[in-house]
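Please build the complete structure, drawing on both the sequences and the hints.
For the protein sequence lines, the chains are A and B, in the order given.
Per the working numbering, the first sequence starts with residue 1, numbered consecutively.
Per the working numbering, the second sequence starts with residue 1001, numbered consecutively.
No lab work stands behind these hints: they were computed from the structure.
Built from N, CA and C at the ideal position, the CB exists for glycine as well.
Worth double-checking, as some hints may not be accurate.
[Claimed, not checked] A few chain B residues facing chain A, derived, Cβ under 7 Å:
1. 1057
2. 1308
3. 1323
4. 1329
5. 1362
6. 1367
7. 1431
[Said to hold, decoys possible] DSBU-like mimics (lysine-lysine), calculated; alpha carbons at most 30 Å apart, straight line:
8. B:1290 x B:1476
9. B:1476 x A:27
10. B:1290 x A:27
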Amino acid sequence: MCPPKIALPHRAPDCSYDGRVAQPLSKDDVAHVARLARLSLSSEELERYTTQLASVLEHAADIGALDIEGVPPTAHPFPLVNVFRQDVPRPCLDRDEVLSQAPEVEDDRFRIPRILGEAL
Amino acid sequence: MTSVVEMAAAVRRGELSAVAIIEQHLSRIDQDEADIHAFNLVMADHARARAAEVDGMVARGEDPGALAGVPVALKDLICTRGTPTTCSSRILEGWVPPYDATVVSRLTEAGAVFVGKTNMDEFAMGSSTENSAFGPTRNPRDLSRVPGGSSGGSAAAVAAGFAAIALGSDTGGSIRQPAALCGVVGVKPTYGMVSRYGLVAFASSLDQIGPFATSVADAALALDTISGHDEADSTSLPTDSARARENLGRGVEGLRVGVIAELAGAEGIAPDVAARIREAAEALAASGAKVEETSVPAVRYGLSAYYMIAPAEASSNLARYDGVRYGLRKPGADITEMYMATRSAGFGPEVKRRIMLGTYVLSAGYYDAYYGKSQKVRTLIIRDFEEAYRSFDVLLSPTAPTTAFELGTKTSDPLTMYLSDICTIPSNLAGHPAISVPFGTGDDGLPVGAQVLAPAAGEPVMFQVAEVLEAAAAAKGGGR
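Dropping the structure here:
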């Protein structure tokens, strides 16, 4: 006995890259994204990442072509919500042990460089 | 090789000393580690002291636990208090966690002895362990080949006899694929079955810790030891354990096994791998299972959805590496410059690639087209699996499309590397468990892994089927 073949009604008939959903990725896009992600790239890196990221996005065009308007999104395998523990005080991480791992510490606090635009 | 089950039992009875066991493993490490590079850190002194402690407990009439004296290797993204945890990244080089992961506490309570922290692709991003900042790991079966990844060091440590059990993490196949390539058993448990507390996050809705072992029974014991609810991980399931050993020894008579058509014979699956999976299906049928081909149509979109969802979550999770609280800091005139200098120096190329990809697919104008759509595909995959599990108890597929490939052959083209995960990704997207069991070898004589997939919390039946496959592979003479 063969189980019924499961049809996927939402699938577009053709999964070619014709269904591309966005403009091809440009070097400007990658430079912008790198800035958002707080990464600085050399011009050689910019060139290479643009090509590589474009090829991954192109592969993903197969899902761009799917007509799945009414399908609900899944963000998490099991939708657990409002998971609480008892509100009882208990020991936390040892402060000195935590601070011993920080690049710079002053008066039991993390020390950071000047925040942009902040008056001294 | 003595099984973990026998080893721990003998230690508990006082017939075998934990010190003798660890010395045996350390001497194998001394002999072969320079060639293989399975570890970022070998914890020899710690392991000797700990083994003596376990023997001391037995001498005093105390029971050290179910894994008494068993040498365990930990992937280097599992936090160990007082012992460096690097994620094979320069950005965490030298970092010493101020707490233990829950799996570390549970293994300690069970009497295990930690041997070392294993090499991996940086932040678990990769399928060959070549993305490590500290150099690649080599496959113990053939040093010219990769061990798979990202948990390549853990798979290699078990395959080389450096540890009896190793833990890895699996976000898109990072336990199962290296297990297949190194010829050992590797398990990705149901999402939430094992606490992620103290696991450095890559993609939080997909990450899951699981064991490597040389046998199905040993992997089951290890999983039962580390699984179960943990208050410290709000996504952990409200169960006591995975009950992985519950159905062992029962055979597969009457069980229904579906061979996933889209993965078993698909384009990109090497003919020798496809042939082994057909033989695995035949072996299960010969043992009394009802085996049929079935279709899980949406899995063909798994790879695309995964390479949107996982980088999106990673781009958010890895924002924490900012040079403020721990790890590397490179100086800058203001805080933004410091962030940029630190992150650019600390992250390797694949991590940067995925952070940028994730940032892009989450950015205004592209969110719906890429990330939103991928989340819908995730729903389709879950639905198609649910449909398949109405007719079948478990599903079968290859674990990886090929046997272990040579170092350097896939590093220049990220997409080619990503295709290594095509059979393993669907289980992560669905949150389901899956196991890779060695099943014969390819034309090159290197191991092939058969993957058994089960529905959520289906570990008992998954291990039941895996054990029969293991016996069939041994009977064929090609299992190991």
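We went through each hint and held it up to the structure:
no.: 1; hint: 1057; result: violated (26 Å)
no.: 2; hint: 1308; result: holds (6 Å)
no.: 3; hint: 1323; result: holds (6 Å)
no.: 4; hint: 1329; result: holds (4 Å)
no.: 5; hint: 1362; result: violated (9 Å)
no.: 6; hint: 1367; result: violated (11 Å)
no.: 7; hint: 1431; result: holds (2 Å)
no.: 8; hint: B:1290 x B:1476; result: holds (21 Å)
no.: 9; hint: B:1476 x A:27; result: violated (54 Å)
no.: 10; hint: B:1290 x A:27; result: violated (54 Å)
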